[in-house]
Amino acid sequence: MGDQVTQVNGATIAAGKTRRRPQEVNILLGLVGIALIFEVLGWIFQGQSFLFNTQRLSIMVLQVSVVGIIAIGVTQVIITGGIDLSSGSIVGATAMIAMSLAQVGTYPRAVFIEQGWVDLPVVIPLATGLTVGLIAGLINGSLIAYTKIPPFIATLGMMVTARGLAKWYTKGMPVSFPTDEFAAIGKGMMPVFIFLVISLIFYVALKYTKYGRHTYAIGSNEEAARVSGINVERHIVLVYAIAGTLAALAGMVVAARGLTAQSGMGMMYELDAIAMAVIGGTSLSGGRGSIIGTIIGMVIFGMIISGFTFLRLDAYYQEMIKGAIIVIAVVADVYRQRIRTRAAER
Amino acid sequence: MAERPAKTILKTEGLTKHYGGVRALERADFELHDGEHVAIVGDNGAGKSTFVRQITGVEQPTSGKIFFDGKQVEFKGPLEARAAGIEAVYQNLALADDLDVPSNIFLGREEVYFNIGPFSFLNTRKMMDKSRAVLERTGVKIPDLRNTIGNMSGGQRQCVAVSRAASFASKLIIMDEPTAALGIQETAQVENIIRNLKARGVPLILISHNLRQVLNLVDKIWVFRRGQIAGMVEADKTDGNEVVSLITGVKSGVHESASYI
Numbered sequence: 001m002g003d004q005v006t007q008v009n010g011a012t013i014a015a016g017k018t019r020r021r022p023q024e025v026n027i028l029l030g031l032v033g034i035a036l037i038f039e040v041l042g043w044i045f046q047g048q049s050f051l052f053n054t055q056r057l058s059i060m061v062l063q064v065s066v067v068g069i070i071a072i073g074v075t076q077v078i079i080t081g082g083i084d085l086s087s088g089s090i091v092g093a094t095a096m097i098a099m100s101l102a103q104v105g106t107y108p109r110a111v112f113i114e115q116g117w118v119d120l121p122v123v124i125p126l127a128t129g130l131t132v133g134l135i136a137g138l139i140n141g142s143l144i145a146y147t148k149i150p151p152f153i154a155t156l157g158m159m160v161t162a163r164g165l166a167k168w169y170t171k172g173m174p175v176s177f178p179t180d181e182f183a184a185i186g187k188g189m190m191p192v193f194i195f196l197v198i199s200l201i202f203y204v205a206l207k208y209t210k211y212g213r214h215t216y217a218i219g220s221n222e223e224a225a226r227v228s229g230i231n232v233e234r235h236i237v238l239v240y241a242i243a244g245t246l247a248a249l250a251g252m253v254v255a256a257r258g259l260t261a262q263s264g265m266g267m268m269y270e271l272d273a274i275a276m277a278v279i280g281g282t283s284l285s286g287g288r289g290s291i292i293g294t295i296i297g298m299v300i301f302g303m304i305i306s307g308f309t310f311l312r313l314d315a316y317y318q319e320m321i322k323g324a325i326i327v328i329a330v331v332a333d334v335y336r337q338r339i340r341t342r343a344a345e346r
Numbered sequence: 001m002a003e004r005p006a007k008t009i010l011k012t013e014g015l016t017k018h019y020g021g022v023r024a025l026e027r028a029d030f031e032l033h034d035g036e037h038v039a040i041v042g043d044n045g046a047g048k049s050t051f052v053r054q055i056t057g058v059e060q061p062t063s064g065k066i067f068f069d070g071k072q073v074e075f076k077g078p079l080e081a082r083a084a085g086i087e088a089v090y091q092n093l094a095l096a097d098d099l100d101v102p103s104n105i106f107l108g109r110e111e112v113y114f115n116i117g118p119f120s121f122l123n124t125r126k127m128m129d130k131s132r133a134v135l136e137r138t139g140v141k142i143p144d145l146r147n148t149i150g151n152m153s154g155g156q157r158q159c160v161a162v163s164r165a166a167s168f169a170s171k172l173i174i175m176d177e178p179t180a181a182l183g184i185q186e187t188a189q190v191e192n193i194i195r196n197l198k199a200r201g202v203p204l205i206l207i208s209h210n211l212r213q214v215l216n217l218v219d220k221i222w223v224f225r226r227g228q229i230a231g232m233v234e235a236d237k238t239d240g241n242e243v244v245s246l247i248t249g250v251k252s253g254v255h256e257s258a259s260y261i
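So the protein sequences, as listed, match chains A and B.
According to this note's numbering, the residues represented by the first sequence are 1 to 346, in order.
According to this note's numbering, the residues represented by the second sequence are 1 to 261, in order.
Mixed in with the good hints there might be a few duds.
Chain B regions said to be covered by chain A (calculated; three or more residues, Cβ under 8 Å) [claimed, not checked]:
1) 74–86
2) 99–107
3) 112–126
Calculated directly from the structure, the hints in this document are not laboratory data.
Glycine residues also receive a C-beta, built at the ideal position from the N, C-alpha and C atoms.
So that you can see chain B by itself, here it is in the shape it has in the complex (with noise of 0.2 Å):
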């Protein structure tokens, strides 16, 4: 530990969840520092997606502990996680296909002018303003920002949701196969995104099954096998086939002996 001088953002330790007599997530221990992007791998089934409803606060967790900057959390909702600072793409969860760029982008914390009774003025030249800062920042073309996002590609629409997310988190952004529905050109413009979350420092957890674009992208792998976490390899120190024998199950133990455990 004392080679590491960024502090933790994110810590689970023994984190468990069953549905009934299924056991989804088995004591995952995790942990997540300041500026570092992470993967989370594993089989359809391997409890990667329960995982992050722990965290994010859609689910409750059955036992065990998350840690969140600091302190020990205890998120009733997505929208406690969110307060604090955790924000997450979902695939097609978060947007509102009749509004345009800037409505979506600022939908649930709209910029208001003034209030008369119970109706707040929206700034709209404001949100206007500040989406096209946010899109600007993370290099996301859009040519009409007063277009509706439904009349948008799959790639315009995952880029405002992830710029979304972008802008808004403070301290950790969560990307659920942000790019599974996408093509060549838009996954790039979405990596591109997270490349330059991670110039900024921003920490990410990012689900994905595409082992060549985790490898790129990330620091570390976190594999997940049927509710356990398999083990934790470092990006630039692996390569897909220990990953992949990671996730069927043919190696295992590497997170246990590490070394720099």
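The following block holds chain A by itself, in its conformation from the complex (with noise of 0.2 Å):
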């Protein structure tokens, strides 16, 4: 047994047992797959292309990056094996705070005209916004690292007590009539942009930090994370912090574009951002996944959606097919692990 060193370098003998295809790939192929599905469809049914009509395209992007920044962060809190319900809500809790807090003074009914809080830096109402959804995260977090209950009923208590504030924090009554400066964040493309820089961010704390290490780490095996040294409460705590924050952002986004912010913003937001991350590959048992999925996953999802409004089909159907999406990604899921199971005990 004393000639087995010299096969390290040798790329030869791993030509037998090679590394699989990036599973991003297949997702790719998938979207590409059911990309010219609607293209042919749009050609019977229709009789245009479904693909090659830029305003389309750019809606369907406009539509989902929004619930893109959420998935960002859903998908994070998923690969450490845990689920965040609350976003949705998160989303109505922000928008209906931060825009309290952007009104001009010119509009007469602002939340807090009395107390001279209107055309307010837009600084303010974004660090207070941002601030609302750390703070919902770091909830999140602290009762599922340190409390030990199960993900889904700690984001669940999250989920009900932030709609609840978004309600109760101006009676139900919408808040509209943001400063310019605020609506910005909120015009043209700029929420793809947003998009694009937090995922950019994200992309590269996954896959080449610590932070991503040991995210994966914690959702593969958590006690041997905690056996290597890994501070996993800390660490969860923070995932589930930065998936608030980006909720929040997402809040102020959607409000911002709208020009109001209503209590029942946001509603399902969760489950499209959760579908967007199953979709693009991220396992819900923890341990897999990736932005790039994510964001493959996120443009599949809004495909489908914009091809069904394409082919005008009745938006009932859209919203039960939807539902059979996010089941067939569950169960895709959980063959791939099976299969992955039956290799490993080889």
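Join the two chains into one complex using the hints; note that each chain is given alone, in its own frame.
Here is the structure:
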């Protein structure tokens, strides 16, 4: 047994058992397939191209990028083996609170007009909004890490609480008329730009930093992470805090875009975000997933919704199909898992 | 003691652990010298794992003292034990299936290029090179280090875990049933790593049920029985029968009356 030293430098032996094709490639192929199906159906039923329509594509991208910002945070949460159901409600709460601090002074019914908190510099509503999301995320993470209650329950509690906060804040009244500076973060393609910047940051963070390695390690084998010296609890709190902050950012973008905030904003966004992550190959059992995958998942998600609208499919059917897609994505994940387990048992 | 130039690495005095009314470990006096490889054997429930958990800081003893590397120690957790130079290989505990080999070997002690704000950028090349060197030194065959651990065979996984411990342990390695789930060839590979450790003079405590393995690999065998140390025998002066009789309680007391004590 003294001669096995040489094999390590030689790639030849590796040929027998090569690495699998990255999962992202398969998902990308899925995306191309779905695009082609809609293209063909488009020519058959609508007599026009689905893909080669810049307006449709830009609307599609705009629609998904707000939820995409949430999905970037949710992806990281799911990689640690958790789940975050509170993002949609955090969107609602942040939209209300940030908007109330971003109103113009010429609007007589602004929330804080008596206090004179109008025409404030844009940094004040932005910082406040992000802080709201950060606090919500810190609460989620601390509950999960230190009281060991299941992430599902902790974030479900936050989902109800944050929605309650959004409604209580103005007793259900919408908040409108933001300053131009605040409105700018939702204007034109700004949401897409914000999404891309956020994606890039966390793509790098997950792939090339200690933060990312530890995130995967915790989702993969929490006990191993712990005995390896990773502060698992603190890391979990951090990941949920990031997810909460990103949900808050999405909330402000969506409010700025619509020039108004309503307490019901962001309803079901959490599920859309989870769906994007899972379609993109993030495993609900933790340890696997990537930002690239989630971006592809997001485009698939957006394309299906936009494709059905394009084919003039009834909105009710769309919801049902959306549900089915989520289930299919999870089934695919379970199936992948089983193949892996079998492979490992060999 | 005069004929032993090697210094004592680990020593326990009256180490005792009770779980409520259960006396899992009673007054264990254990000693390990530098460069020495010993095995701990015993029936299920004999207190082997309990003993190891006290030493690795996973649990804290009810009473008794632990001396490590000349100093009395009281580890509050496994990290403290590791920081002191004790590496443990647990059966299924220590690997993250979704990470590749270097990430696993360096988990929790990654090599970093530089920090930008909260982000520490990983020096993956350095970790890869070092991992390659580590595996080369332990003689482990893994074709593609970038493959995730979950895609590897049980033997390869265990080899990575053992190599990881071997590469960082400065003073002591503890292996709890490292070959229990492995095939013949893979077992041979792990045993080979253990022999390499012996050659490098790294002290080792091996917990095993496999008497053939134990007799072949280690210098001394400590037998635990019903929470107590039933005796200690030197591997080259004994045979399987003596060890078995110690394990089952037919014979006892070598530890107390042995000439070298």
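- prompt: Counting residues of the segment 112–126 of chain B that have a beta-carbon nearer than 8 Å to any beta-carbon of chain A, does the count reach 3?
  reply: holds (count 7)
field: Annotated coverage of the segment 74–86 of chain B by chain A, confirmed only when three residues or more have a Cβ within 8 Å
entry: holds (count 3)
query: Are there three or more residues in the segment 99–107 of chain B whose C-beta lies within less than 8 Å of some C-beta in chain A?
result: Answer holds; 3 residues pass the 8 Å Cβ test.
Every hint from the earlier list agrees with this structure, and none is contradicted.
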